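Asker: Okay, here's what each chain looks like letter by letter:
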Amino acid sequence: MANPHRAEAIAGTLLALPAFILMWLMLLGPAVAVGLLSLTDWNFGEPRIGFAGLENYQELWDDRVFWISLRNTVIYVGVSVPATVLLGLLAAIAIEGAGRGRGFYRAAYFLPVASTLLAMALVWEFMFHPSVGFVNQVFRGLGLPTADWLQNPDTALFALAAIGVWQNLGLAMVLFMAGLKAIPPDLYEALAMDGADGAWERFRRVTWPMLGPALVFVVAITAIRSFQVFDTVQVLTEGGPSKSTEVLLFTMVQQGFTFLRSAYGAAITMVFLVLTLAITLAQTTILDRRAHYG
Amino acid sequence: MPGVALRGIQKSFGATAVLRDVTLVAEEGEFLAILGPSGCGKSTLLRILAGLETADAGEVLIGDRRVDSLPPKARDLAMVFQSYALYPYMTVGQNVALPLEMRRLSAWQRVPVLGRMISGAARRAIAADVAAVAAPLGLTPLLARKPAQLSGGQRQRVALARAMVRNPVAFLMDEPLSNLDARLRGEARAEIVALTRRLGVTALYVTHDQGEAMAMADRVAVMQGGRVLQHAAPQELYDEPASLEVARFVGSPPMNALAGHIGEDGAVVVSDARLPWHSTARGAVMLGVRPEGWVPAADGIPVVLERIEHLGAETLCHMAGGAVLRLSPEASRGLAVGQGLRLAVNRAVLFGPDGARLPLAAARREPAFG
Chain A
1 MANPHRAEAI
11 AGTLLALPAF
21 ILMWLMLLGP
31 AVAVGLLSLT
41 DWNFGEPRIG
51 FAGLENYQEL
61 WDDRVFWISL
71 RNTVIYVGVS
81 VPATVLLGLL
91 AAIAIEGAGR
101 GRGFYRAAYF
111 LPVASTLLAM
121 ALVWEFMFHP
131 SVGFVNQVFR
141 GLGLPTADWL
151 QNPDTALFAL
161 AAIGVWQNLG
171 LAMVLFMAGL
181 KAIPPDLYEA
191 LAMDGADGAW
201 ERFRRVTWPM
211 LGPALVFVVA
221 ITAIRSFQVF
231 DTVQVLTEGG
241 PSKSTEVLLF
251 TMVQQGFTFL
261 RSAYGAAITM
271 VFLVLTLAIT
281 LAQTTILDRR
291 AHYG
Chain B
1 MPGVALRGIQ
11 KSFGATAVLR
21 DVTLVAEEGE
31 FLAILGPSGC
41 GKSTLLRILA
51 GLETADAGEV
61 LIGDRRVDSL
71 PPKARDLAMV
81 FQSYALYPYM
91 TVGQNVALPL
101 EMRRLSAWQR
111 VPVLGRMISG
121 AARRAIAADV
131 AAVAAPLGLT
141 PLLARKPAQL
151 SGGQRQRVAL
161 ARAMVRNPVA
171 FLMDEPLSNL
181 DARLRGEARA
191 EIVALTRRLG
201 VTALYVTHDQ
211 GEAMAMADRV
221 AVMQGGRVLQ
231 HAAPQELYDE
241 PASLEVARFV
251 GSPPMNALAG
261 HIGEDGAVVV
271 SDARLPWHST
281 ARGAVMLGVR
291 PEGWVPAADG
301 IPVVLERIEH
311 LGAETLCHMA
321 GGAVLRLSPE
331 ASRGLAVGQG
341 LRLAVNRAVL
351 FGPDGARLPL
361 AAARREPAFG
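Just so you know, the protein sequences line up as chains A and B, in that order. Each residue of the first sequence is one higher than the one before, starting from 1 at the first, in our numbering. Each residue of the second sequence is one higher than the one before, starting from 1 at the first, in our numbering.
Note that these hints are calculated values from the structure, not bench results. Hints are all accurate, no fakes.
Cross-link-like lysine to any residue pairs, in silico, SDA-like; alpha carbons within 25 Å at most:
#, chain 1, residue 1, chain 2, residue 2
1, B, K73, A, I93
2, A, K181, A, W208
3, B, K73, A, E189
4, A, K181, A, A91
5, B, K146, A, E201
6, A, K243, A, I224
7, B, K73, A, G97
8, B, K73, B, G8
9, A, K243, A, F230
10, B, K146, A, T284
11, B, K146, A, G212
12, B, K146, B, R166
13, B, K146, A, A282
What you are looking at is a predicted structure, and each value in this text was computed from that prediction instead of being measured.
Chain B with its partners taken away, still in its complex shape (with noise of 0.2 Å):
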């Protein structure tokens, strides 16, 4: 049973088409990311779903309903913004409960003062569901505080706990680690998705950072230009790409596209170097190589070096015409600025002009570790 379904769904905003004919399906349960970046409509499509924007065509599917003209309320979501857009004036508790009150009391019960009088067992009931969502949380010594006087880590767990209160079919995330610094977004990430697991919710999460969706999401679904690119797991978003602007957007340093064709014997030729691989394609190609894909060979594809990062745990080195490898420390030992190279490649996708992907073989088995 799909969690939500968004089928066909086109929006503009006057001239300009922000989505164009997206269909999504986040399964019951699952976390999907939303992966693209700024400007591709990601964060459309989630305030669609969640109702705070209607599509110009298309279906919005929650479970087995179609919600498309129904207000937000009635979706039964719950959303965590990029602000958090906590109410200011009200206490952690009050934030918090709000939701609560509004399902749960009538519109007499929740008049200001009166309200409260004919109202104690159900507020009472409303404020042990609080505290049960606070504790977790680490929010039991904050629920009387103005979110004011919190810090930043803070202020998105309590829009974390206003948002998972009333148990809901869906979470909806815009960006809501993006105000984080880097150390707090690292613990933020892992509390989430714990988070997420732990209710069996369905989640979808929008980001533009391509760390946080493959860290964090069952499958990511990358957009740009109002389009789902690849909707997939994130190994095989890694692995796999379905075209060259994926392969570009994921995976840091991104994948290396190099230029070249496939003569008529079907061998790709990158810098007039043959290489081992074989394509049914032929023509101009890009040849797509992960940093970590290629490694220093007696033959392959010549290059210079150009710069090199040595960041700990492994080496970038950065070639003459923009392309990277990636090495361990004692791979890269020996190597220096302006010294040439031949890159044999071991791993590699590839591409036609227009970005899409070519089938592509390895010629002969080459040894992994040579």
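Looking at chain A on its own, in the form it has when it is part of the complex (with noise of 0.2 Å):
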């Protein structure tokens, strides 16, 4: 007679066995796999592999490319992620105030998180036209100075930030509007018998820390989105002028796929990961500690 606690067991472990099996399979084995690559000296196409030890990397500590890749990549980051969080919480506290057409908003605004940034990189390629665009036609009209925004080695950078504003605002929005949604109105109403009625006090003392997860949540999701950013410096500048859109994936795609160096790609691919699981880390501890209001 088998011990039931023994049967309970083997029918746990063959019931999260697929599961176990499929996230091996499809998330962590290619992880893994990446990292090992990185390890080897292969070039894609070759018959030989062998063995490099930290090679690759200690090649990436000595690229200057890769150096101006990656400060490119944070201050794209850096750029983007600030701008997305207020403006997305701005359109999310307007759309919610507004009482007709927030279902128009809301999918207006949501609309490019759905495109093919591909797509669309053509109307903004348009956009920042140096003569004709729509940019420095304002620029103009307002008596600002214009530019060739994204030929310009120390604008291109930013034009593709606001690309990205663009695209990951709508995203923002919709998760801070379900935030909005979660707060009880009981508080607005005991705040404003506690004596603060206005918009700033009711922002700041309730709306503001009762959006904490949210918030970060959204910073965490438009971090990791803004890190990945690709097909806007692949379409509209490939990296240039003067490697001044350089950023950590075109870097990876031009070393892998373009000179087929999969192993250094790889270590590239390594340094990405890592970046993106320290925000998911920062953001899953940051949860933890502080969103637990009960």
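Could you use the hints to bring the two separately framed chains together as a complex?
Answerer: Here you go:
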């Protein structure tokens, strides 16, 4: 007669097995494979593969382009994330406060998230066109200095960041709207009874602190999405001019797929993975620590 | 002088009329319970008084001052919400201090970090007041905790402390005990009554629990369908209900309503039994008898005993047809299910077919203890 606890344990393991296998196959496996690949000297198509230790990482450390790429990526994230979060929050509060057309505004703002950035890049290229582009026409109309935004090394990265904000704004907004909906109206009423009913006090005393968990999540998700910036760079600037828009994933694709240096590309991917993982860890830690209001 | 008064209040949400011409006055220092089933408009009435909702018509007065158009903060009322509505990200101390900070500190002094530097004395005074309110409620050791770390009863006391800390003109309470378990509810009842008595503050207390309303209030306003049906002291409400609706809502188990009629001679007849009760009214009536208002007797209304509940201190005998008789355990001894009884009526009130009170008099004095 089998021990019932043992039988239960076996059944449990069997039931968990498909999910366990799939998780390794689909999620963790590839990451481990890339990690292992980064320790080799393999080039795509070559029949020979050898262990190279940390040579790829050593090369990365000495590679000027990698450091430019990393720096650009961090600047891109540093500009686009705060702007996305701030504008997304403003949009969410404005739309939540609007009586009519809420559904329309929500859909309109979410459109860039759902659409293909590759196709939209055409429109942006036109928008940033030095002579006929909408951006310069507006700047000229306002008497502000104009530029060839995408071709000037000083502005190209920021122009791309602006497109990034445009793309992620809708996502931030939808997440903030969900957060706003979860705030019990009682709190605003209690606040009114306690003597605070101005817009600023309402925001500062209830909306902002109650949005804490949503804020952490929005920052993390937009940061991860910003780190992944690639398509606009590929289509609009190709990393130029003079490497001013060279970003991590662009460098990785160039090394791994254009130059077929698969192992070196894998090493760059590992750096990217570590950055993404760090954001995720920070997010879960912060949420665990402060977001349990109960 | 009236503590607070609502006159001719009307309110509709869309096509639904929630309040139909409600007038209600709470004297200064009075504990007024607003009792009614859910959806009767009692919470809306309280929210109109608080300024969280605007009436379509009518006046709101606090003291002698009309406040209809004033925002909540200018009305100087405090409210305890059913959910307590504590700020979850603030400590207990910060929760209780907020109403004082909003009133005593200037906008500059409330600026997050810098404000602290220019408001030291005022903040010390606030902290002292918070401590003074917290101590009798047993909240002193909890001041540094967040609401999520408190039990339901403790949260409820924090909500009370936040409401009373600035000595408001009146306390508004919206079902403040409905989230507590039965034992705590009993304690909290007594605590709230004692607090309001000590502060001498006018209190309006919304509840659907008639036991709560009767136990706590000086007077009870019974509401139904957006109207105040009766506004009276608890005992009067119980003994002299103004209508059948009130009679059925107040008291547990509710008053028995026995269909009957009044003959040409004015005698009340129920189930073919002529009762020693007379009325000047004629025709179909409802005789209202509290469960303890009738006793088994040699003659009276014929009933069949269907079910007996032994509750310890009393016994409830349920008759076929729904009537209930309340007896002492001694008096119920020997009764058996299925047995036929006759019940003599000691105390009763009479209602017309529309539920309105009708005059009723005992034909002859019956000794109270036969």
